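Please construct the entire structure, taking both the sequences and the accompanying hints into account.
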Amino acid sequence: MVAGETDPELEAMSSVLAKLSALDREAQARVLRWVSLRLGIDDSEQLTMTAGSAVLKFTGPQREGTVTTVAARLAVKSCRDLMVAAAIHLSLYQGKERFSRTDWVACAKEAKQWKVDYSVQTATAIGRLLIAGFVNETAKDVFSVPDDELKNIEARL
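Following my numbering from start to finish, the sequence shown increments by one per residue and tops out at 157.
It should be emphasised that the hints constitute simulated quantities derived from the structure, not laboratory data.
These numbers come from a predicted model, not from an experiment.
Some hints could be false.
[As the list claims (entries may be wrong)] Below, a list of computed lysine to any residue pairs in the SDA-like style, where the Cα atoms sit at most 25 Å apart:
#1 151 with 20
#2 109 with 94
#3 140 with 120
#4 140 with 69
#5 140 with 94
#6 112 with 72
#7 115 with 130
Right, dumping it as structure tokens:
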């Protein structure tokens, strides 16, 4: 490279980082996923971006299907069961390593199996899932499903 010339790769990385830094974590992941698909990056490749202490990983397209499909396959019969289905949908189908309580409940409400009665039961169901070890609270109102739980349920899907 000649003195005074800029490296196009470094310029691209700087620009991308500046733009992504302005977005929340989920938006960053969507942008990375979209760009990867548009550029035809192999599914086995990983994109990793560090933003402070958070690390985003993209490992290719996620499963296709709705939370209703997951709930049906898991034979949901209660609010607790539906919260499990929603957590699995967020983790395996939407590719989220972590998700907020708000996103979790919103995902459950999208399912056809959702009943109005469940609105008053969600806090109790989430609390019981935490105690049972099905989910971990990684920060206040931010949750993740441990890998062993994902593997157990993935076999049923």
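Which of the stated hints cannot be reconciled with the structure, identified by number in ascending sequence? Hints 1, 4 are the ones this structure does not satisfy, whereas the remaining hints hold.
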